[in-house]
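Undergrad: Put together the whole structure using the sequences plus the hints.
Number of protein chains: 2
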Amino acid sequence: MATTKTPDANRRSERSRRAIFDAALELVGEVGYDKLTIEGIASRAGVGKQTIYRWWPSKAAVLLDAFTADAGDEPGWELPDTGDLAADLKFVLRATVDEFNDPKFEAPYRALAVAGANDPELSEQFVNRLQDTGVQAYVERLRRAQEAGAIAEHVDLRIAAEMILSPFSQRWLMRTAPLTYDFVDTLVDLVLGGISRR
Amino acid sequence: MATTKTPDANRRSERSRRAIFDAALELVGEVGYDKLTIEGIASRAGVGKQTIYRWWPSKAAVLLDAFTADAGDEPGWELPDTGDLAADLKFVLRATVDEFNDPKFEAPYRALAVAGANDPELSEQFVNRLQDTGVQAYVERLRRAQEAGAIAEHVDLRIAAEMILSPFSQRWLMRTAPLTYDFVDTLVDLVLGGISRR
Numbered sequence: 001m002a003t004t005k006t007p008d009a010n011r012r013s014e015r016s017r018r019a020i021f022d023a024a025l026e027l028v029g030e031v032g033y034d035k036l037t038i039e040g041i042a043s044r045a046g047v048g049k050q051t052i053y054r055w056w057p058s059k060a061a062v063l064l065d066a067f068t069a070d071a072g073d074e075p076g077w078e079l080p081d082t083g084d085l086a087a088d089l090k091f092v093l094r095a096t097v098d099e100f101n102d103p104k105f106e107a108p109y110r111a112l113a114v115a116g117a118n119d120p121e122l123s124e125q126f127v128n129r130l131q132d133t134g135v136q137a138y139v140e141r142l143r144r145a146q147e148a149g150a151i152a153e154h155v156d157l158r159i160a161a162e163m164i165l166s167p168f169s170q171r172w173l174m175r176t177a178p179l180t181y182d183f184v185d186t187l188v189d190l191v192l193g194g195i196s197r198r
Numbered sequence: 001m002a003t004t005k006t007p008d009a010n011r012r013s014e015r016s017r018r019a020i021f022d023a024a025l026e027l028v029g030e031v032g033y034d035k036l037t038i039e040g041i042a043s044r045a046g047v048g049k050q051t052i053y054r055w056w057p058s059k060a061a062v063l064l065d066a067f068t069a070d071a072g073d074e075p076g077w078e079l080p081d082t083g084d085l086a087a088d089l090k091f092v093l094r095a096t097v098d099e100f101n102d103p104k105f106e107a108p109y110r111a112l113a114v115a116g117a118n119d120p121e122l123s124e125q126f127v128n129r130l131q132d133t134g135v136q137a138y139v140e141r142l143r144r145a146q147e148a149g150a151i152a153e154h155v156d157l158r159i160a161a162e163m164i165l166s167p168f169s170q171r172w173l174m175r176t177a178p179l180t181y182d183f184v185d186t187l188v189d190l191v192l193g194g195i196s197r198r
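Protein sequences appear in the order of chains A and Z.
Just so we're aligned, residue 1 is where the first sequence starts under my numbering, counting upward by one.
Just so we're aligned, residue 1 is where the second sequence starts under my numbering, counting upward by one.
Because the hints were derived from the structure by calculation, they are not lab data.
Be aware that one or more of the hints could be misleading.
[Claimed, not checked] In silico contact screen, one side only, chain Z against chain A (beta carbon under 8 Å); selected entries:
| no. | residue |
| --- | --- |
| 1 | Gly116 |
| 2 | Asn118 |
| 3 | Met163 |
| 4 | Pro167 |
| 5 | Met174 |
| 6 | Thr176 |
[As the list claims (entries may be wrong)] Computed footprint of chain A on chain Z; a stretch qualifies when at least three of its residues, placed anywhere within it, have a C-beta under 8 Å from a C-beta of chain A:
| no. | segment |
| --- | --- |
| 7 | 144–156 |
| 8 | 184–195 |
Ideal Cβ placement from N, Cα and C applies to all residues, glycine included.
TA: What follows is the structure in structure tokens.
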């Protein structure tokens, strides 16, 4: 048996991987996490079940890779740092508004968030791993601002990141109000400046 | 047929109502919103199905009344106003920490939040009605502070309330970090003062 892959075999693998990710994201948005199966993903992707099992041990593992490949927020992802903290935060949050207003992204992410809220184990292994990558990127950007003297020394950066990200997530998840550029711009200004009268 | 109830009949009605609420809250925490039925509630409460249908048109209606009776946050509920905004917010949020760390309260509320995240109609009719009562109470307290000159005039009070409440809700729903008195105290200070160095 040949163990070294030819360039053609590599291209075929990459095509299959992408087809499996697309199928997994589409299906979880359509049927929800509980009803998602490896069989269903294989059938939608036009590959054999064994192809999936060769690469991933579970549907959760497929989805985790599919989400990180898709959202581009793999570990190590960083916010821009132009030296203007407010502008950098608004830039990234406006892009996130666009992403969360796109049904193709929204449906699978919602299915996952709902499953995670219901299932502590899934949440710990998986939802938080995705979510934490995002929170950590914000914490890192805030840390650089703190080192540069723009953020007060006493500030808990994790809670500061939650003040920016949680109102966004909560509006989205509970559909309490629309996600707009105005909303994220105002949010950033209020988090930086506080609501108290100076 | 007598249409005027005797005091004994009123007491019996009140006992049945309370038993139905308790049964509904217990059951939704155990089986989730989707599998909750009027039949199941009736059986757990020890009343006939017709007793429930006489008072409520649907399981959603029973639950809405059960939650508002339980959480005590019926419309018109107000935050304390001692003149010290930070102290008043911390006081109420610490009580909410206790509530959300209590499994008896936590399980039914989570079942409902998850069902609402999944189902836009349920969310609009119901989850937001519960949640909005809470948000509105905060907005009102912030408005009084703004009128008293403690909060800057330009501040969007709805977004300010979300900055306080969403990090709390999100930690709870996604179990990303524990709900503690320290957390809510720090959150209130950061929302009021902002994170920027003065």
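Undergrad: Against this structure, judge whether each hint is valid.
TA: Outcome of the hint check:
1. Annotation: interface hint on Gly116 (chain Z) holds; nearest CB of chain A at approximately 6 Å, less than 8 Å.
2. Interface hint at Asn118 (chain Z): satisfied, since its Cβ lies 5 Å from the closest Cβ of chain A, which is below the 8 Å cut-off.
3. At a threshold of 8 Å, the smallest CB-CB gap from Met163 (chain Z) to chain A is about 5 Å, leaving the interface hint in force.
4. Given hint, Pro167 (chain Z) at the interface with chain A, holds; its Cβ is 4 Å from that chain's nearest Cβ, closer than 8 Å.
5. Contact between Met174 (chain Z) and chain A, as hinted, is supported at the beta carbon level, the nearest pair being about 6 Å apart and thus within 8 Å.
6. This hint holds: Thr176 (chain Z) has a C-beta 6 Å from the nearest C-beta of chain A, less than the 8 Å allowed.
7. Interface restraint, the segment 144–156 of chain Z with chain A: holds (7 residues with C-beta to C-beta distance below 8 Å; minimum three).
8. Counting residues of the segment 184–195 of chain Z whose CB lies closer than 8 Å to any CB of chain A gives 8, which reaches the minimum of 3, so the coverage claim holds.
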